[in-house]
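Now for the letters of each chain:
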Amino acid sequence: MKQDLERYPVPDPGVPHEVERFTDVDEAAGRRAYAQVVGLLALVPVLAIAFVVVYFAVPIDAQFVLFGALFKAHPVLLGLTGGLAVLLVGVAAIHWARTIMGDEEVVEERHPAGSAPEARAAAAEAWKVGVAQTGLGRRKLIGSGIAGGLGILVVPALVLFADLGPWPTAALRKETVEKTIWAEGVRIVNDVNFKPLRAADLEVGQLVNAQPINLQELEGVALQQAKAKASLIVVRMDPASIRVPESRQDWHVNGILAYSKICTHVGCPISLWEQQTHHLLCPCHQSTFDLGNSGLVVFGPAARSLPQLPITTDAEGFLIARSDFTVPVGPSFFERDSSRDFKEGDR
Amino acid sequence: MRFLTSSRRHKAARPILVALALVLIGGLYAAVSPATNSSADDTTTTAQIAQGRQLFAVSCASCHGLNGEGLAAEGAPSLVGVGAAAVDFQVRSGRMPMANPLVQAPRKENTFTDEERAALAAFVASLGGGPSIPTEDQYTPEGLSEEAIAKGGDLFRTNCSACHNFQGSGGALPNGKVAPPLIGLEAIDIYEAMRTGPGQMPIFNGAAIPDTDVQAMVGYLDELHAQPSAGLTLGGLGPVSEGLWAWIAGMGSLVLFAMWITSKAARK
Amino acid sequence: MARPAQVSPEVPAAQALSAPAAAPAAGVGGWFDDRAPVSGFAKKALRKAFPDHWSFLLGEVALYSFIILLLTGVFLTVWFKPSMAEVEYAGTYQLLHGVPMSEAFASTLAISFDIRGGLLVRQIHHWAAMLFVASMTVHMLRVFFTGAFRKPREVNWLIGVGLLSMGLVEGFAGYSLPDDLLSGTGLRFVDGLVRSIPIIGTWAEFFIFNGEFPGDLVIPRLYMVHILLVPGLLLGLISAHMALLVYHKHTHFPGPGRKDTNVVGGPLFPVYVAKAGGFFFIVFGVTILMGALMQINPVWLFGPYNPAQVTAGSQPDWYMGFVEGAIRIIPNWETHLLGTTWSWNIFLPGVGLMGLLFTGLGLYPFIEQWITGDTAEHHVLDRPRNVPTRTALGVAGMTCYAMFWLSGGNDILATQFGVSLNDVTQVMRVAVFVAPVIAFIVTKRLCLSLQRKDRERVLHGSESGILVRTPDGGYTEAHVPLEQEEAFILTQHHQPAALEPSVGTDARGVRRRGKRVGGLRVRLSQWYADGAIAKPTAADIADAGHHGEAADAVETTPPAGELSGAASSGKGEGH
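Protein chains in written order, with the working numbering: chain A, 1 to 347; chain B, 348 to 615; chain C, 616 to 1190.
Rather than coming from a laboratory, the hints here were simulated on the basis of the structure. It cannot be assumed that every hint is accurate.
[Stated by the list, open to error] Computed cross-link-like contacts, SDA-like style, restricted to lysine to any residue with a CA-CA straight-line distance of at most 25 angstroms:
(1) A:Lys195 <-> B:Met606
(2) B:Lys611 <-> C:Ser670
(3) C:Lys1068 <-> C:Gly977
(4) C:Lys1150 <-> C:Gly1160
(5) C:Lys663 <-> C:Leu883
(6) A:Lys179 <-> C:Ala819
(7) A:Lys174 <-> A:Met101
(8) C:Lys864 <-> A:Met101
(9) C:Lys663 <-> A:Met101
(10) B:Lys611 <-> A:Pro112
(11) A:Lys195 <-> B:Pro481
(12) A:Lys195 <-> C:Glu701
(13) B:Lys455 <-> C:Ser1035
(14) B:Lys611 <-> A:Val15
(15) C:Lys1068 <-> C:Thr1091
(16) B:Lys611 <-> C:Glu701
(17) A:Lys343 <-> C:Phe962
(18) C:Lys663 <-> B:Met606
(19) C:Lys663 <-> B:Ala612
(20) B:Lys611 <-> A:Leu218
(21) B:Lys611 <-> A:Glu108
(22) C:Lys663 <-> A:Pro112
(23) A:Lys179 <-> A:Glu18
(24) A:Lys174 <-> A:Pro112
(25) C:Lys1068 <-> C:Gly872
(26) C:Lys1068 <-> C:Val1083
(27) B:Lys611 <-> A:Arg248
(28) C:Lys663 <-> A:Ile242
(29) C:Lys1150 <-> C:Gly1009
(30) B:Lys611 <-> C:Pro882
(31) B:Lys611 <-> C:Lys864
(32) C:Lys766 <-> C:Gly967
(33) C:Lys864 <-> A:Glu108
With the rest of the complex left out, here is chain A (with noise of 0.2 angstroms):
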């Protein structure tokens, strides 16, 4: 006793008793509780076929306007008349489950849920009789049998899945994330119209989304692969106003600069350039790099500057690359150490 003081200072009143509801005593309540959920009931049938009504005679392509916004007029009244429906259903259901059934609540004694200790006790004796029986009492070389047996299974489950892709052995990576279809002479294009640029008619301030030529040539997986690699962005700027390297002098043609257009971060395609700061924005993670000096990191997540392409003109004054990109683009990778990246300092 004292100790439930203790536990419980005011002791459980216990469950209390009901209190009738308004729908229980009053019979126009009760009458009006199931007039409305009847009422409900009957409202569903006229939207289900209002439904059928709208897939049928309104045309997918049909506009409303509200509020002066255009809608489509198809999906809306198709998801109003079946949403209405539907949700009419559970009104109805709840309302008739608070106020016409009986609402008196029950109370189940609950059991702790682990085994009582005599089926613990059993279970464990019938496991012993069952270890027993397999003799792996005496013959224990058959236990480490099937242990090992079952585990070496997992080796050739697993080899299954070796060709899930092409092993990026060195020589693959070469061909592959290390490479890019620009080399040398090949001429950068404005993006979809594939217009050639010519570099006396680029202004200073001036963004072109580009890439190489050679990608008219692929499609397909070949096409989404390249450009996922050579997208390029050119940008001209005062050349005064930057700062060009000594190993990176002959890499641009007056102030006109050529960057990957692919994030070093994760990958993202990066084109959000101010013309005044001369930074460059990425979309995703908010890297910012700074195409005046390098493409070297200025702020965000991204460890390497973005990779410059080399680029000269050609004899009709058109923009070529001189090279492929010096170092990979995009994301680092674990297997090449990105340490001798230009990066700050860096000639």
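Based on these hints, arrange chains B and C on the given structure of chain A.
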């Protein structure tokens, strides 16, 4: 149909564009390569230029200097060589004259008449070079085929959506700057912005994107904004606003239903 | 076939078998009962008690949205083509005419523009997915804050953690399938994430994408994951989750008559069936209405995936937002070792953070049990204020998650609130560490204040708003004594003391390990129990009753039967 599309996005959801200090219209135009410079004052009379000079002295010179030479201390760039199109764009969109040089110039009501704007443009053009005000046939998207519009869409997604969002709802730039929304703009606004590169926006000139492609892009954007939506667009901001609505409208209403379901019915 | 029962219970089974004509029960139920013991189950199940509380329905929302996802998902598979083969679009949506795209994207456009009801179902499917993960999350929070994960429900908690993590995988796979610009950008991100895994990164990348990104197989593979592998696992886990729920019976909030040895609530049949069944239709109806009224994932506006394109507002769906945020605010750490590159700037926030979250969630019940030494079964829920340290830890965790989550929308925050993107990022780098600490301290203080308020209420009743002038001229406010029911709720909780430092076995039978570990455990236990406001004892209440008017309700001696009931439930707690 334009009045429909212009008021359909949630204007109320759009924020006031407040930002940190920003230099407008870099003096870079001074270095514009001669090939793209075109003379803007073929048709302008000296009288127009004189009127423009007067207006300029009253409305612009306090920052840009009496001869448009710019004032570095005010962050005001030189206007020599920016061209008539830049003035036309900046003044028509109300960005110039700006009220607060410390923030990115917001779009606001233009207080000049067309005649005054033309005079200002003529005066600035007379200072030297720069793109002239485009004629209607340069920017008006007319008679475009479906394929041309679709190609305009491809160009839009390649060149514009990174900053201005997939349906031109605008987006964030570093250090408090923003790429403004492109909703409710006239074709000439987009044309002039591409050709003159206002603020931080780069120039997209005819060497890369010829006039026909600009028309296709404008045509795409117009068509895009005239598309009906399957329900409210939720600001056209992508998954962030969708997630917000899933929680507020979806979980919110379901929790209210759950409270109703588990509440006791009315009692004596 | 249906005949009235003729076979008496005494008839041996063998005889009944030999007389097939004598059906023992009538109707379909009877027919079935002859073949499986339905009645035995129904006898117990039909009147099972289900406690009523709105927060107990959150898990139901998750279950129902999963069912909606199955239904709408089947509809979508009828038309969707999980192929990355290139086609030139020639469908109804004229703004993409002639644009090259994958068959997956083209078929998504077909579902959206050419199949009647297709767009609606797509939108319902996507909204239901958002709600599926959202409701799992709030359900888990409810279970956490009320201590429903304690013994014997730890296993069900673990299953729940598994369900949540599967939900994320399932959602992400679905997000990637249409092959629009956003899903392709998301896959590009996954490519970078996989590549960042030390040692095996490049291999995993080539294996998943069948070579270089984007390859030609990732969408068919994700399709298999999305419609077969993960839904299968989810179904299995949900079945186990529900089976354990039925076996353990539902928990209930403290209240009069609610004990650790019983469960009080409405009967399964008919009330709960009607309510739960009705709620399914409400959830379905709300989801359909959301699909009708709110546009979601308008892929035709994004265009097909093109590795050279990107859009402002490139975000994943909300449930991947915390990972996205971590990836945005992580400093650009990359280290080099023996000619290799370790991309911590992706691995830590991506793989690391998700691992940390789900490991932490999975381990929590066991850590708490270890700290408190509590080995008893619990079926009466905790009021969060009565377990201030757990509540504070939970709020701190939520705050940390929220900070990461907000970081995932740092560009939207910057534009919508007119602040600098860089400032948002810098602030968030600090906030993910500082905000949880502040949240912990504030929450704990708040809980303790609420405990203090409870104590006050029990001792002095509630304020009546009536001022009384005493004969000597002073004014006091009259207090109304609490109903016994409320007083019981405010005092029923167990207040375990911190573990004592000792080696061996203590009086409670809690085994102790080595001294060093015991020391840490004791310190944690003291930290966990720190600051608790002692609930009023019976003597306190009696005392307060003598000089106030408060004790009327609680001074009445309860019937003996009630007390013994309280005593029996006390056994479960006091160990």
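To see whether the hints hold, each was checked on the structure:
Distance check on the hinted pair: A:Lys195 and B:Met606 sit about 63 angstroms apart at the alpha-carbon level, beyond 25 angstroms; violated. Note on B:Lys611 and C:Ser670: the hinted pairing holds, with a Cα-Cα distance of about 15 angstroms set against a maximum of 25 angstroms. At most 25 angstroms may separate the alpha-carbon atoms for a hinted pair to count; C:Lys1068 and C:Gly977 exceed this at roughly 34 angstroms. A C-alpha spacing of about 16 angstroms is found between C:Lys1150 and C:Gly1160, which places the hinted pair at or below 25 angstroms, so the restraint holds.
Restraint check: the Cα-Cα separation between C:Lys663 and C:Leu883 comes to about 5 angstroms, which is no more than 25 angstroms; the hinted pair holds. Restraint check for A:Lys179 and C:Ala819: the C-alpha separation of about 19 angstroms stays at or below 25 angstroms, so the hint holds. Proposed proximity of A:Lys174 and A:Met101 is contradicted: the alpha carbons are some 74 angstroms apart, above 25 angstroms. Taking the CA atoms of C:Lys864 and A:Met101, the gap is near 23 angstroms; set against the 25 angstroms cutoff, the hint holds.
Restraint check: the Cα-Cα separation between C:Lys663 and A:Met101 comes to about 16 angstroms, which is no more than 25 angstroms; the hinted pair holds. Among the hinted pairs, B:Lys611 with A:Pro112 is inconsistent with the structure: their alpha-carbon atoms are about 31 angstroms apart, more than 25 angstroms. Between the alpha carbons of A:Lys195 and B:Pro481 the distance comes to roughly 22 angstroms, so the proposed pair stays at or under 25 angstroms and holds. A C-alpha spacing of about 24 angstroms is found between A:Lys195 and C:Glu701, which places the hinted pair at or below 25 angstroms, so the restraint holds.
Taking the CA atoms of B:Lys455 and C:Ser1035, the gap is about 21 angstroms. The hint holds against a cut of 25 angstroms. For the hint linking B:Lys611 to A:Val15, the alpha-carbon distance of about 16 angstroms falls within 25 angstroms, and the restraint holds. For the proposed pair C:Lys1068 and C:Thr1091, the alpha carbon gap of about 19 angstroms is at most 25 angstroms, so the pair holds. Taken as a hint, the B:Lys611 and C:Glu701 pair is broken in the structure, with Cα atoms around 59 angstroms apart against an allowance of 25 angstroms.
Restraint check: the Cα-Cα separation between A:Lys343 and C:Phe962 comes to about 22 angstroms, which is no more than 25 angstroms; the hinted pair holds. Between the alpha carbons of C:Lys663 and B:Met606 the distance comes to roughly 21 angstroms, so the proposed pair stays at or under 25 angstroms and holds. Between C:Lys663 and B:Ala612 the alpha-carbon distance is near 21 angstroms, which keeps this suggested pair within the 25 angstroms criterion. About 68 angstroms separates the Cα atoms of B:Lys611 and A:Leu218, which puts this hinted pair outside 25 angstroms; it is violated.
At most 25 angstroms may separate the alpha-carbon atoms for a hinted pair to count; B:Lys611 and A:Glu108 meet this at roughly 20 angstroms. About 17 angstroms separates the Cα atoms of C:Lys663 and A:Pro112, which keeps this hinted pair within 25 angstroms; it holds. With a CA separation close to 78 angstroms, the supplied pair A:Lys179 and A:Glu18 exceeds the 25 angstroms bound. Between the alpha carbons of A:Lys174 and A:Pro112 the distance comes to roughly 64 angstroms, so the proposed pair goes past 25 angstroms and is violated.
Restraint check: the Cα-Cα separation between C:Lys1068 and C:Gly872 comes to about 24 angstroms, which is no more than 25 angstroms; the hinted pair holds. Restraint check: the Cα-Cα separation between C:Lys1068 and C:Val1083 comes to about 22 angstroms, which is no more than 25 angstroms; the hinted pair holds. A threshold of 25 angstroms between alpha carbons decides the hint, and for B:Lys611 with A:Arg248 the separation of about 78 angstroms lies outside it, so the pair is violated. Simply put, C:Lys663 and A:Ile242 have alpha-carbon atoms about 77 angstroms apart, too far for the 25 angstroms limit, and the pair is violated.
Of the pairs offered as hints, the one joining C:Lys1150 and C:Gly1009 holds, with about 23 angstroms between alpha carbons and a cut-off of 25 angstroms not exceeded. For the suggested pair B:Lys611 and C:Pro882, the alpha carbons sit about 15 angstroms apart, so the restraint of at most 25 angstroms is met. Proximity of B:Lys611 to C:Lys864 is assessed by CA-CA distance (about 22 angstroms); at most 25 angstroms being required, the pair is judged to hold. Distance hint between C:Lys766 and C:Gly967 is unfulfilled; the C-alpha atoms sit about 29 angstroms from each other, more than 25 angstroms.
Note on C:Lys864 and A:Glu108: the hinted pairing holds, with a Cα-Cα distance of about 9 angstroms set against a maximum of 25 angstroms.
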